[in-house]
Amino acid sequence: MGVILRWFRGVWGLASASMRRVIVALWIAGGILFGLGTVGDVAGVWTGIPFLTNMITALTGFCFAVPFAVLVLQELARQQASQAARRATLADARLLVLRLAVQGEKLQNISTPYLGAGELSLREPVREHIDRALNLAAPARRQDLEHQGIEELASRLAGLCSLVVETWEDNFGRWHDVLEAVRELNTVCLQLDRDVRGRLILQGINWPIADQLQRVQRASDDLSLLGRPFHVGGSTVSSRSDHEPWISRIRQQESNLRLAHGAEELGESLDSLHEAFQRAAEDHTARYLLNQAVHDLVGRCDRLARDLPLL
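So the sequence shown is residues 48 to 358, counted in the working numbering.
Each hint should be verified, as a subset may be incorrect.
Here are the computed distance ranges between Cβ atoms for each label pair [what the hints assert, rightly or not]:
| hint | residue 1 | residue 2 | range |
| --- | --- | --- | --- |
| 1 | 58 | 271 | 30 to 38 Å |
| 2 | 254 | 172 | 54 to 62 Å |
| 3 | 234 | 127 | 54 to 62 Å |
| 4 | 255 | 209 | 41 to 49 Å |
| 5 | 172 | 329 | 16 to 24 Å |
| 6 | 134 | 106 | 52 to 60 Å |
| 7 | 68 | 88 | 50 to 58 Å |
| 8 | 234 | 182 | 14 to 22 Å |
| 9 | 213 | 318 | 19 to 27 Å |
| 10 | 96 | 64 | 17 to 25 Å |
Read the hints as simulated data drawn from the structure, not as lab findings.
Glycine included, C-beta positions come from ideal geometry on N, C-alpha and C.
Using the sequences and the accompanying hints, generate a full structural model.
Spelled out as structure tokens, the structure:
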């Protein structure tokens, strides 16, 4: 009896106000008809009028039975709708998680195609060339220009400029392709976070990739910001479709280095190159962090796709 009462309270609480009013009206009408029928039986009113008696009996049963039937059908419809929503949520979640894994692998392959997933290091050859160039172009070098061969320093820096740009372009994906892959990945991340996450939680399903999504989004934003223009010596360099803005700056200053004939000219080139190589180091670090975040996210997505309940 207690189970029935709990069930009734549950379905009654889910009924709309208008439905509750109709149900109460039917029960009141049924109670009145039941009372009249009972009084009529005692007084013998219904003797000799079987058709009317049957009609009143059926109407009384209708007033009591139909509200219960409506509540039962409402509960069945609610359960079916809930199951349908759960199936749709799981299907959307599984599809988007798989898309996220594919986009993550695509970004890793474009950003660092010569490396396996998760293997980008802050100490691999490209970064070592950048750090050497950054050291040579450091502001402290300007104090030494009078004590060493200007032509030798300019030649070494020009060689490193070529080496950095060539190894970067050989080993890393084009800037435009990387940003496009980042945008595609972020689109799927936002769909998961905004459209699916809440629905999964409502269905009582664990959401284990929230931290990984945040890491990827932060790393993506940091990398995208490196495409901003920067100003050196009164000129502005912005990103083109094929490479990062710091590459344009390094190429420009490499030509200036080969034409530098004095400490003042070389000092101006050092200032410009130092900022460009700083941006190159930031770019490399940003790709490293994004690579690691995406690698972790792809691994977690694979596990989540396997762990999601069956439809």
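Here is how each hint holds up against the structure:
1. 58 with 271: 30 to 38 Å: violated, 52 Å
2. 254 with 172: 54 to 62 Å: Violated: the Cβ-Cβ distance is about 40 Å, outside 54 to 62 Å.
3. 234 with 127: 54 to 62 Å: Given range 54 to 62 Å: violated, Cβ gap about 33 Å.
4. 255 with 209: 41 to 49 Å: holds, 46 Å
5. 172 with 329: 16 to 24 Å: Given a distance of about 18 Å, which is inside 16 to 24 Å, the answer is holds.
6. 134 with 106: 52 to 60 Å: 42 Å Cβ-Cβ, so the 52 to 60 Å window is violated.
7. 68 with 88: 50 to 58 Å: violated, 31 Å
8. 234 with 182: 14 to 22 Å: Cβ of residue 234 to Cβ of residue 182: about 40 Å, so the range 14 to 22 Å is violated.
9. 213 with 318: 19 to 27 Å: holds, 23 Å
10. 96 with 64: 17 to 25 Å: violated, 39 Å
Violation of the numbered hints given earlier is confined to hints 1, 2, 3, 6, 7, 8 and 10; the remaining hints are satisfied by the structure.
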